[in-house]
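What follows is each chain in one-letter form.
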Amino acid sequence: MKCQHCGNNEAEYQYTITVGNHQIERYLCSVCAKQLGYKTGNADLSFDQLFSDFLNTKVQKQASEVVCPRCGSTWAEIQGSGKVGCAECYQTFSDRLLPYVQKIHGTVVHVGRAPQAETVARKAEGILSRLQAQLDAAVEEQNYEQAAIYRDEIRALKGGMEQ
Amino acid sequence: MSFYDQIGAEGEIVVSSRARLARNFTEYPFPGHMTEREEQLVLDLAKGALDHYTYLPVNTMSPMNASALVERHLVSRELLSGTGPRGVLLSEDESISVMVGEEDHVRIQALCAGFAPETALKQALEVDRILEQAAPYAFDRKLGYLTKCPTNLGTGLRAGVMVHLPMLTEQGAIRDLMASLNKLGFIIRGLYGEGTAAQGDLYQISNQVTLGIAEEEIVSRLEQVVGSILTKEEELRRQYQKMYPMRLMDRCQRAAGLLATARILTQPEAMKLCSHVRLGLSCGCLKGIPMAEMNRLLFEMQPGCLVSQAGEERTYLNLDQMRADMARQIAQKAVLPLIES
Ligand SMILES: [Zn+2]
Ligand SMILES: [Zn+2]
Numbered sequence: 013m014k015c016q017h018c019g020n021n022e023a024e025y026q027y028t029i030t031v032g033n034h035q036i037e038r039y040l041c042s043v044c045a046k047q048l049g050y051k052t053g054n055a056d057l058s059f060d061q062l063f064s065d066f067l068n069t070k071v072q073k074q075a076s077e078v079v080c081p082r083c084g085s086t087w088a089e090i091q092g093s094g095k096v097g098c099a100e101c102y103q104t105f106s107d108r109l110l111p112y113v114q115k116i117h118g119t120v121v122h123v124g125r126a127p128q129a130e131t132v133a134r135k136a137e138g139i140l141s142r143l144q145a146q147l148d149a150a151v152e153e154q155n156y157e158q159a160a161i162y163r164d165e166i167r168a169l170k171g172g173m174e175q
Numbered sequence: 309m310s311f312y313d314q315i316g317a318e319g320e321i322v323v324s325s326r327a328r329l330a331r332n333f334t335e336y337p338f339p340g341h342m343t344e345r346e347e348q349l350v351l352d353l354a355k356g357a358l359d360h361y362t363y364l365p366v367n368t369m370s371p372m373n374a375s376a377l378v379e380r381h382l383v384s385r386e387l388l389s390g391t392g393p394r395g396v397l398l399s400e401d402e403s404i405s406v407m408v409g410e411e412d413h414v415r416i417q418a419l420c421a422g423f424a425p426e427t428a429l430k431q432a433l434e435v436d437r438i439l440e441q442a443a444p445y446a447f448d449r450k451l452g453y454l455t456k457c458p459t460n461l462g463t464g465l466r467a468g469v470m471v472h473l474p475m476l477t478e479q480g481a482i483r484d485l486m487a488s489l490n491k492l493g494f495i496i497r498g499l500y501g502e503g504t505a506a507q508g509d510l511y512q513i514s515n516q517v518t519l520g521i522a523e524e525e526i527v528s529r530l531e532q533v534v535g536s537i538l539t540k541e542e543e544l545r546r547q548y549q550k551m552y553p554m555r556l557m558d559r560c561q562r563a564a565g566l567l568a569t570a571r572i573l574t575q576p577e578a579m580k581l582c583s584h585v586r587l588g589l590s591c592g593c594l595k596g597i598p599m600a601e602m603n604r605l606l607f608e609m610q611p612g613c614l615v616s617q618a619g620e621e622r623t624y625l626n627l628d629q630m631r632a633d634m635a636r637q638i639a640q641k642a643v644l645p646l647i648e649s
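If you're matching them up, the sequences are chains A and B in order. For the working numbering, add 12 to where a residue sits in the first sequence, where the first one is 1. For the working numbering, add 308 to where a residue sits in the second sequence, where the first one is 1.
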């Protein structure tokens, strides 16, 4: 199966996302998954996974010292000050930071406002996945005429999003 | 004109409400990991976006003037201890202050008189919308707004109120309050001085959790929590007044008398007396002094404010004397209500 976002690469990850009040499945390649902010490696961020990440950190630390490519912070520095060096540190050290964030806030999932650009992008993605579902349904029903309309709409929307 | 010149909702107990948003621009590493040039770029970015604000460079002003900004709650103490170009952008009425180069690139703060955290949040968010037009923020779908300290992740919002709790303090209830607030994700701390030894019975209550809870929800929980604290404080005041009317009257009026006649006042003594006078005004044991003037006194009698008011040219200052002069002028307006016997 192809990635639902780029349509090029083979889909490697399956995500269940909620659009409005129903849940939909999305299939993405690793590039798009990362770009769209999904956690790759495991589709569902369960607590068990968090703890195993936590337990694994000791082993990883010995293996090689990870340095943030953006700001040059090491985990030892972050641990020492309790503060990161740049936004990218949250990705670089996500396996070690997330359990810490979980401890502080009781969750690792933001609820609330987002920058306007982000809100717009999200809305477009919502429309996109709805269209994709409609397209799939049309194909299922062999209603190719309708499917072509959805396909064009998706193309137009994607074109707009890239600009 | 400042927030403490006005009396807002529940103004007898709640002096002010505050909302603070921590934000960073995605283009630059966080403060402490930036080159001086990058620091200057971030500063220029904020100044450009808020060009109708007044910019005060903390790194080049006199330490006492900078200290006065802290005392008036316009900047944090941490901003002063940093290095490099940094300062604060102030709106005309000083209700909005945007710190640049503190722990995060920008810290947007809105201050309102009285119990109005919702208004404060709204005002801070307006400025937030302006700044995000200037350059994209560091934001992650999972973690929300990215901040230098993970304790601010998510909304980056710290919403708080400054409250005067003389009766809860006297009853020794603050420690208990601290423990139960902590379980709810809130924190109470003394405004001047640490922990339970709060000067002037003034406290700051604010949220600790910033991630996984929406801005409005943080504010509405704060309102609920503070609402029940207000109810308790009011209840204790009523009880005390009913049981010991003369003792309360004596305490408040005596304090007003001291403030109205003192020639030398140390900071702790003045704070203590002000607390009694505030209490007296709110329960009718004292009249004649507008509460707003008491609020003003609380802020402006702090050392940095006194020095910066006196002006730089004064070489010798007796702060305790200046403080007493300021207090006398206000406390002399006190009118003692007649007692029916
Ligand atoms: Zn893809
Ligand atoms: Zn980094």
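Since the hints were made in silico from the structure, they are not lab data. A couple of the hints might just be wrong.
Claimed, not checked - The list that follows gives simulated cross-link-like pairs (lysine-lysine, BS3-like), each with its CA atoms no further than 30 Å apart:
| id | chain 1 | residue 1 | chain 2 | residue 2 |
| --- | --- | --- | --- | --- |
| 1 | B | K450 | A | K135 |
| 2 | B | K430 | A | K46 |
| 3 | B | K450 | A | K14 |
| 4 | A | K135 | B | K430 |
| 5 | B | K550 | B | K580 |
| 6 | B | K550 | B | K430 |
Hint-by-hint comparison with the structure:
Our distance criterion of 30 Å between C-alpha atoms is met by B:K450 and A:K135, whose separation comes to about 16 Å. Note on B:K430 and A:K46: the hinted pairing is violated, with a Cα-Cα distance of about 33 Å set against a maximum of 30 Å. The straight-line distance between the Cα atoms of B:K450 and A:K14 is roughly 25 Å, inside the 30 Å bound, and the hint therefore holds. Between the alpha carbons of A:K135 and B:K430 the distance comes to roughly 23 Å, so the proposed pair stays at or under 30 Å and holds.
Our distance criterion of 30 Å between C-alpha atoms is met by B:K550 and B:K580, whose separation comes to about 23 Å. A distance of roughly 40 Å separates the Cα atoms of B:K550 and B:K430; the hinted pair therefore is violated under the 30 Å criterion.
Figure legend: structure checked against the earlier numbered hints; hints not met, in rising order: 2 and 6.
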